[in-house]
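Asker: Single-letter residue listing:
2 protein chains.
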Amino acid sequence: MTDATADADLNAKHNAKMAKIQTARAKMMAERQIEKGLLIVNTGTGKGKTTAALGMVCRAIGHGQKVAVIQFVKGALKTGEKVVFDAFPDQVEFKPMGEGFTWDTQDRARDIAVAREAWDAVKARIADPEIDMVVADELNIVLRYEYLPVDEVVAAIVGRPEGKHVIVTGRNAPQALIDAADLVTDMTLVKHPFRSGVKAQAGIEF
Amino acid sequence: MTDATADADLNAKHNAKMAKIQTARAKMMAERQIEKGLLIVNTGTGKGKTTAALGMVCRAIGHGQKVAVIQFVKGALKTGEKVVFDAFPDQVEFKPMGEGFTWDTQDRARDIAVAREAWDAVKARIADPEIDMVVADELNIVLRYEYLPVDEVVAAIVGRPEGKHVIVTGRNAPQALIDAADLVTDMTLVKHPFRSGVKAQAGIEF
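Chains B and D, in that order, give the protein sequences.
The opening position of the first sequence corresponds to residue 218 in our numbering, with each subsequent residue numbered one higher.
The opening position of the second sequence corresponds to residue 218 in our numbering, with each subsequent residue numbered one higher.
Excised from the complex, chain B in its bound form:
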């Protein structure tokens, strides 16, 4: 074969393969007719749990939806996204409820009270028919430390109004939450710059 015919052959094979994928995808898409409010869990030790939730908030904003973001563990560093939320005051409510990381407060009784307050805020947003999406950022951390009973949290989320999306982030998601979820992603750490001595930087970690 000349180069030109080899290339034409490659193109033809590729195009046939793509046509096949296209047909399979169209079939798959046609089979998906259910529309429902999802429980989404972003867990794992890698990066991207909160940032992926933020990305979904961006998409929801773009579709005119209303979103509430409740932060259970206030990272002093997580500040960048606030500027974006503030640009859409009618669509996004942002509530940082935690008062610093738990290893900084060293006061379990206060941590539990703050967790309860944040959870009450989440429940109120879940019940609010005006709100389309509720992000419970780092709720998994609070569950891990048993500041809130897992059963109570899962039951309230499972019993949410139809059509409401709830996104829960944080490592160590409890199994009961994973079982109840529609979409679960484990952000798996492959490589992290902290391990090479790189410090937290604007735009990346905060």
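The set of hints was computed from the structure by calculation and includes no laboratory data.
Treat the hints with care, as some may be off.
Copies of one chain are not kept apart here, so a pair can be met inside one copy or by any two copies together.
As the list claims (entries may be wrong) - BS3-like, lysine-lysine: derived pairs with alpha carbons at most 25 Å apart:
{"no.": "1", "residue 1": "Lys381", "residue 2": "Lys299"}
{"no.": "2", "residue 1": "Lys299", "residue 2": "Lys283"}
{"no.": "3", "residue 1": "Lys408", "residue 2": "Lys244"}
{"no.": "4", "residue 1": "Lys416", "residue 2": "Lys381"}
The model shown is predicted, which means the values in this text are computed figures rather than measured ones.
Here the structure of chain B is known, so what remains is to put chain D in place on it, guided by the hints.
Answerer: Leaving out everything else, chain D in the frame of chain B:
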């Protein structure tokens, strides 16, 4: 022990543990002094690769940084984030370069030309001293189909100006890119609603 003393004991143990974690974290943070432009790769079969990049764009916006987002594979559905980008026209440049998914075009020659055009756009943004962060969305897909040579792409990213962050998304990141990266996360699929017949929904998939 009475309930009250048991509780006091639990609190004391917890607080001591948190103090220990706090000390370890402070030491770790002090050791991290390097500030550098990162190559970040979001790969894997799960959700969150592009949305996590969007979340980082939000943070960068909040810190007054300039960002370019180049989309190699235009998902007809990915439209929500544009509204957010458009709210910060001086900070975000958004360029959807692909002309539909490859399985829709079925034209390998055209796909290669479009990939080359998008890559040229990425290279120009990497070279531009005004831009702090460049997102090459779904570049991995294009590399997977060999529409661009991996060596050329990796060399150009590795040779980027100091301080420039580059984020590459898409499943099947090539090993050479992972080797060159500072931060790699594999978004691992645990559960996906498509498998239960749930269709793509506004705010979640687009």
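Asker: None of the hints should be skipped; say for each whether it holds.
Answerer: Outcome of the hint check:
In this assembly of identical chains, the alpha carbons of Lys381 and Lys299 lie at most 25 Å apart whether taken from the same copy (23 Å) or from different copies (23 Å). Taking the closest pair of Cα atoms, Lys299 and Lys283 come within 25 Å of each other both inside a single copy (16 Å) and across two copies (17 Å). For the identical chains of this complex, Lys408 and Lys244 are inter-copy neighbours only, at 20 Å across copies versus 37 Å inside a copy, given an alpha-carbon limit of 25 Å. Within a single copy, Lys416 and Lys381 get their C-alpha atoms only as close as 37 Å, which misses the 25 Å cut-off; across copies the closest is 15 Å, which meets it.
Of the hints listed earlier, there is not a single one the structure fails to meet.
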